[in-house]
Amino acid sequence: MAEELKVFRTWSSPFGFRIVHALKIKGLEYETILEDLSNKSDLLLKYNPIYKKIPVLVHNGKPICESLVILEYIDETWKQCPLLPQHPYDKAMARFWAKFGDDKIFPPIRSALFSQGKEQEEGVATAVGNLKFIEELLKGKKFFGGDTIGYLDLAFGWMANLISILEEIVDMKLVDAETFPLLSAWMSNFSADPVIKDCWPPRDKMVERFKGFRGPHLKKVA
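Using our numbering, you'd call the opening residue of the sequence shown number 1134 and step up by one each time.
There could be a bad hint or two in this list.
With a straight-line cut-off of 30 Å between C-alpha atoms, the simulated DSS-like cross-links for lysine-lysine are [unchecked claim]:
| id | residue 1 | residue 2 |
| --- | --- | --- |
| 1 | Lys1179 | Lys1306 |
| 2 | Lys1274 | Lys1173 |
| 3 | Lys1306 | Lys1272 |
| 4 | Lys1344 | Lys1232 |
| 5 | Lys1251 | Lys1157 |
| 6 | Lys1306 | Lys1173 |
| 7 | Lys1173 | Lys1185 |
Calculated directly from the structure, the hints in this document are not laboratory data.
Start from the sequences, fold in the hints, and give me the full structure.
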């Protein structure tokens, strides 16, 4: 019996790309269902009635929610091209840093995108301070997973895409090769990987998308 895999996501969601990248690396076929979050489908609400969010992976009719949870499910279900480290300690550390990225880096970067003035400066300063911890993780490595893309690379993958988009939109530099040489190199290496590169939408489309998100937020605080 063939596996049935469906991914509910939006075309621009960085969390949805985590799942797409993992499935591609594993060589798995899947169906994409693109959601309009202003008019969520009945199926999305059925499969994620608690949070009502994307992404959702549906495997043979059973839904799995939350992108980091989905990544682990994919890795445990399909053993080829392992994503998580094998040693329990290394695995625990990968989970720790993935959560750190979601809790301590994504929110201030989001704040910098959706604000101006002092609030924006504080968001950038917080993000840059926390990115220094990520820089340290890359010492002696091409990817966070070593020589190949792994779980933590996919968890941090949004940085390789969205940070430069944010920099363009707000005309402010967060990551440069002088301050973050290892992170800058990782962003280039990750983005150049064929699996990753082929999944991302055109950059100009992403810039317009996030400019569109930014506008209403600025009006609310004006």
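### Query
Going straight from one Cα to the other, do Lys1344 and Lys1232 come out at no more than 30 Å?
26 Å, holds
Lys1306 paired with Lys1173 [C-alpha distance capped at 30 Å]: The hint is violated at about 35 Å.
Given the hint that Lys1306 pairs with Lys1272, test it: the Cα-Cα distance must not exceed 30 Å. 22 Å, holds
Take the C-alpha atoms of Lys1173 and Lys1185, compute the straight-line distance between them, and say whether it is at most 30 Å.
8 Å, holds
- For the pair we were handed, Lys1251 and Lys1157, check the Cα-Cα distance against 30 Å. 41 Å, violated
Satisfaction of hint between Lys1306 and Lys1179, Cα-Cα up to 30 Å:
Given that 30 Å is the threshold and the Cα spacing comes to 41 Å, the pair is violated.
(Q) Run the distance test for Lys1274 versus Lys1173: straight-line Cα separation, threshold 30 Å. (A) Violated, at roughly 41 Å.
Violated hints, in rising order: 1, 2, 5 and 6; the structure is consistent with all others.
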